[in-house]
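Student: Spelled out, the chains give:
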Amino acid sequence: MSSIIHGPGAATALSTFNPVDSKKLTNLSVRSQRYIVAGSDASKKKSFGSSLTVRHSQKLIPNAAAVATKKEADTSASTGHELLLFEALQEGLEEEMDRDANVCVMGEDVGHYGGSYKVTKGLADKFGDLRVLDTPICENAFTGMAIGAAMTGLRPVIEGMNMGFLLLAFNQISNNCGMLHYTSGGQFTIPVVIRGPGGVGRQLGAEHSQRLESYFQSIPGIQMVACSTPYNAKGLMKAAIRSENPVILFEHVLLYNLKEKIPDEDYICNLEEAEMVRPGEHITILTYSRMRYHVMQAAKTLVNKGYDPEVIDIRSLKPFDLHTIGNSVKKTHRVLIVEECMRTGGIGASLTAAINENFHDYLDAPVMCLSSQDVPTPYAGTLEEWTVVQPAQIVTAVEQLCQ
Amino acid sequence: MALSRLSSRSNTFLKPAITALHSPIRRHVSTDTSPITIETAVPFTSHLCESPSRSVETSSEEILAFFRDMAQMRRMEIAADSLYKAKLIRGFCHLYDGQEALAVGMEAAITKKDAIITSYRDHCTFIGRGGKLVDAFSELMGRKTGCSHGKGGSMHFYKKDASFYGGHGIVGAQIPLGCGLAFAQKYNKDEAVTFVLYGDGAANQGQLFEALNIAALWDLPAILVCENNHYGMGTATWRSAKSPAYFKRGDYVPGLKVDGMDALAVKQACKFAKEHALKNGPIILEMDTYRYHGHSMSDPGSTYRTRDEISGVRQVRDPIERVRKLLLSHDIATEKELKDMEKEIRKEVDDAVAQAKESPVPDSSELFTNMYVKDCGVESFGADRKDLKVTLP
Chain H
1 MSSIIHGPGA ATALSTFNPV DSKKLTNLSV RSQRYIVAGS DASKKKSFGS SLTVRHSQKL
61 IPNAAAVATK KEADTSASTG HELLLFEALQ EGLEEEMDRD ANVCVMGEDV GHYGGSYKVT
121 KGLADKFGDL RVLDTPICEN AFTGMAIGAA MTGLRPVIEG MNMGFLLLAF NQISNNCGML
181 HYTSGGQFTI PVVIRGPGGV GRQLGAEHSQ RLESYFQSIP GIQMVACSTP YNAKGLMKAA
241 IRSENPVILF EHVLLYNLKE KIPDEDYICN LEEAEMVRPG EHITILTYSR MRYHVMQAAK
301 TLVNKGYDPE VIDIRSLKPF DLHTIGNSVK KTHRVLIVEE CMRTGGIGAS LTAAINENFH
361 DYLDAPVMCL SSQDVPTPYA GTLEEWTVVQ PAQIVTAVEQ LCQ
Chain S
1 MALSRLSSRS NTFLKPAITA LHSPIRRHVS TDTSPITIET AVPFTSHLCE SPSRSVETSS
61 EEILAFFRDM AQMRRMEIAA DSLYKAKLIR GFCHLYDGQE ALAVGMEAAI TKKDAIITSY
121 RDHCTFIGRG GKLVDAFSEL MGRKTGCSHG KGGSMHFYKK DASFYGGHGI VGAQIPLGCG
181 LAFAQKYNKD EAVTFVLYGD GAANQGQLFE ALNIAALWDL PAILVCENNH YGMGTATWRS
241 AKSPAYFKRG DYVPGLKVDG MDALAVKQAC KFAKEHALKN GPIILEMDTY RYHGHSMSDP
301 GSTYRTRDEI SGVRQVRDPI ERVRKLLLSH DIATEKELKD MEKEIRKEVD DAVAQAKESP
361 VPDSSELFTN MYVKDCGVES FGADRKDLKV TLP
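Keeping their order, the protein sequence lines are chains H and S.
The letter at position 118 of the first sequence is residue 118 when you use UniProt numbering, and the numbering goes up by one with no holes.
The letter at position 375 of the second sequence is residue 375 when you use UniProt numbering, and the numbering goes up by one with no holes.
Errors might be hidden in some of the hints.
[To be verified] Simulated restraints on C-beta separations:
hint : chain 1 : residue 1 : chain 2 : residue 2 : range
1    : S       : Asp219    : H       : Gly153    : 54 to 62 Å
2    : H       : Asp109    : S       : Glu191    : 28 to 36 Å
3    : H       : Glu207    : S       : Glu321    : 51 to 59 Å
4    : H       : Gln373    : S       : Gly130    : 41 to 49 Å
5    : H       : Gly128    : S       : Gly130    : 34 to 42 Å
6    : S       : Leu278    : H       : His112    : 22 to 30 Å
7    : S       : Asp219    : H       : Gly381    : 58 to 66 Å
8    : S       : Val316    : H       : Glu207    : 31 to 39 Å
In case anyone wonders, no lab produced these hints; they're calculated from the structure.
Heads up, the beta-carbon is just placed ideally off N, CA and C, and yes, glycines get one too.
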């Protein structure tokens, strides 16, 4: 899995590399020496040191206009409006469609029906049938069509009614979406956004509770992000639409009704950046999507017991934001990963490998990864609860790691 | 480009000779653009639409261009055959010889604004769209100067400025992409069409019918062209399709069956299809064609068909011979002139091969370029994860 040493702010950052705090980096520099082949990147022949650049402490905003000054949106800002997560997604989508006439939405029941999770409600009335397209039930074909349209410069947003259905479009996503930019020698870009709800819901059954991030993570050429709050949902949606790379945006079925106050002004979230949810000292807990809430619930219990966990919502599933994660590991020396993917071959598995490889010397204990069980998600409520990580298990794991 | 070269040659030809234009003895190599009408040998068969007329409007210049372009394509594929046997081309190499009439006939009916997307048998389609021989050979040999910088290979030729969208390895996957191109043309009100080429093997893919349904529903200007060369690798059409009438399989979508070895018939059908698609939505064209080589260079091509069949088609239906006969019978060129042209083409192809052989291979840094657009600082590892780590720009 690819790893990041320096903060990956997008294009604009390249010209403003600022090796601040090089003292702090020397340890890392020395250790990583053996990994670097100097000059293997032809176009940017930077010296070794500067490739390990420290990211600005400010969030880097690629193309956005104004930027919210706080990462968290549960803010003390007096302006701002409250809305639910699906409304935030809708707002982001609508603003981008207003801004760029090339953005269109394709999916099943996104138009007249308004979207099965109401993310595209009202858009068909506003933008018409040519921009909000109701497709027949053929994921392979309409994903392929969106990719073909993107080759000419359109920016389609593909909705999978449930992420699990996108397995039918795997060929198009892997071979065409991920690879066309490379195999055409850079002639074509594929600025699509593939989005949809996934994850374990409330007794939806095995086929409708899949976590596709683990299947897609190996595809070269795509980016994956997972949203978890209305603030980052809107920000990531907008960033994904503006990105020239294909981005898969993972939403979660159970998070659509979360309510939060978000800023009024235009903002986007960096696609490759992780979010610090709760700074702490004792242990780093890495999580994303719905498990963030289980972790925060466990954190309350942990705080009462005297622990100080640092919680990071990794948000960017491909590539990982190893800068933020690395800094946290260097501070706390203990890592717990809490995810909803299966144990085998999930995001947590890749993240464990990446952390071990890059930050081994900073760890006081082995990286522990709590994931869902390697079973199809059962229907029965109690069984379903046991397949997914619960807050009590998180508390136990932290206590175990912090002994 | 080819024609201007020809005309300058013909001028030197002309100077010593007398030229009464009606001289029956030695007609100069013709650059006449005045219209000639030629009847196609085989009638069109249609499904849910009227057939176009069998009388094709063309000109001496055009027929000569057909000859030249097809001869060049044929030479290129044969050169690729030798290069593959010499192990300069590796992997998969799918050759188009026998099917050239399709590429040139289609080009004669359309503009560069119309898009073409095809499968992995894309070398000649690339040339037809204006690709250069040396770019093609460089890509086949994996050199930096190839049309995809050596990173695509035989199955991934693309030419964005000529609206040629490739070049796809997975059977049938280009069909939804092609319908997407047509969708973009409609979205942008381009007044152009997309030709989506696929084979008789791909005609059984579900995604074809899915994409066709959407194209018909949304009235997209997509023309689906089934290059029926009668064999899906080693499986004949009668063994893979319950209904091998591919032009009818669109059911509610009109279709036309065309003699794909006759460049003029192909031109007529594509012209007709373009007009149809711009007004009425998708149409299927089934081109009855044949490939002399096997499915790819790894396939001898003779285990599932007899050599007599192959030579039979070559004698009776070869597209280049057909055009040659046309040129001779209409006195547009003489035997010798055509032979000279072929010699010149052979030299041209050999020169391109030589030039491509000299080109450099890509540097190792190219491994990580074009992964992402404005690659955002991601670090990528080589296979052993210790070396060849690079920060994507």
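Student: If you check each hint against the structure, which ones fail?
Tutor: 1, 4, 7 and 8
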